[in-house]
Amino acid sequence: MHWMRGITCRLRHWRAARAQWRADMAEFKAAQKDGRRKGEWPENPGPPPNGFSLLPWLLMGMGSFSNLLQGKTPNPWIGALGLLAFNSLYINVVFRSFVKEKREAVSTRLALLTMGLVTCGLALGYGGNWLYFFPLLGLATGACLRGPRLGQVGIALTALAAAVSVYRAGWDAINIAYGTFLSTMVTAAILSLSEAVRELRAAREELARRAVEKERMRFSRDLHDLLGHTLSVIVVKSEAARRLAPRDMNAALDQITDIESVGRQALTEIREAVTGYREGSLATELDRARSALSAADIAPVVRQSGPPLTPQNEALLSWVVREAVTNVIRHSGATRCEITLDGVLDRVRLTIADDGPGDGETAATGPAEGTSTSIGIGIGGTGLKGLTERLATAGGSLRAGPSPRGGFTVTAELPVDSAELTSSGVAASGSTAPREP
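Going by this note's numbering, the first residue of the sequence shown is number 1, and it counts up by one from there.
Keep in mind that the hints were calculated from the coordinates and are not lab data.
Owing to the predicted nature of the structure, the values given are computational and were not obtained by experimental measurement.
It cannot be assumed that every hint is accurate.
[What the hints assert, rightly or not] Here are the computed distance ranges between Cβ atoms for each label pair:
#: 1; residue 1: 99; residue 2: 167; range: 32 to 42 angstroms
#: 2; residue 1: 99; residue 2: 200; range: 15 to 25 angstroms
#: 3; residue 1: 415; residue 2: 27; range: 49 to 59 angstroms
Even glycine gets a Cβ: it sits at the ideal position worked out from N, Cα and C.
Start from the sequences, fold in the hints, and give me the full structure.
The following block contains the structure:
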């Protein structure tokens, strides 16, 4: 009774596979029809092939079955059992060949070997129409063995089919060997190509999905850096205008004018970030940092030296200046902030240091590479994480932590490719000597 339950389960599995294949084929035909109506060809290649696509080839064995019914086969019970065994093994092998794990299983290879022995026995015993089982064996072999050994196995199987055919029917049956070789190689080639196309299509979809995720992450980082800095500057300048209004209206109006300018520039930057064409200018960012620090009653000190920078390095260091200065204004409570940019032929370093006492809760944490740990930058801040990822991608590094002399220091380092140096860098802007307010 155990074998009866096994057969029942196998029949249920085949029925389920057949139903799924029909559903996929119906969906594919509907997509084709819709594409023809719109004048487009759908990318969906249709349902993947399965064992049902190789079952019609069993009709090649109808000649042997006809011989059994007409009584032309000696020992018909042996022939009938051999035919039943061959068909059962063929169906089992071809269905398992479309599942990679089952195709490479030892049980499948043993079933294919048993199928070969049955084929040789029937062909040697009866000849004639029974020789056509060799091309069927080639189909099953090509479906099951899709690897570097296929050529060797295909040639060996062809030689075996030729030897048995010549022995039973003479040289007129040599076409059996030719059919066996073609069925083996063509089946393996078509199924391997179909599988490769589907894997490539899946890989393309995965790459497209990752590209969308990467762009979404880039966009979120840009918005965080843009809006976080800009809103901080607006808040600081608004507070300065409120303080100055009762005693110096002209100074308050200057702050309000700066707020308007910052807001307009932020709108431009957001539009550029949305389109993906934003390239930061370090000189412009340093001017904004100087203005924002002055409005927050923090004395800015900017020092610049070294060779010109590549546009990519300028953009990355602009983000560092923006994020670090924003956090100095928000959290440090400093009275002085030094921004130092220096470099040699192969490396550039940007340092932003303040003298503020900072937040006691965050100051208790020691420095760490690439993470926010102290005053000036909140623990686990999105801005610093994004900057760390950006600099690491460019081969650089970002360090943040308390200074030995007090305060907080952010240090960014980037490699410099001399072949890409451009006159649009910071040094070319005429700021090579130390500058102080």
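Please write out, lowest number first, the hints stated earlier that are contradicted by the structure.
Hints that this structure does not satisfy do not exist here, as all of them hold.
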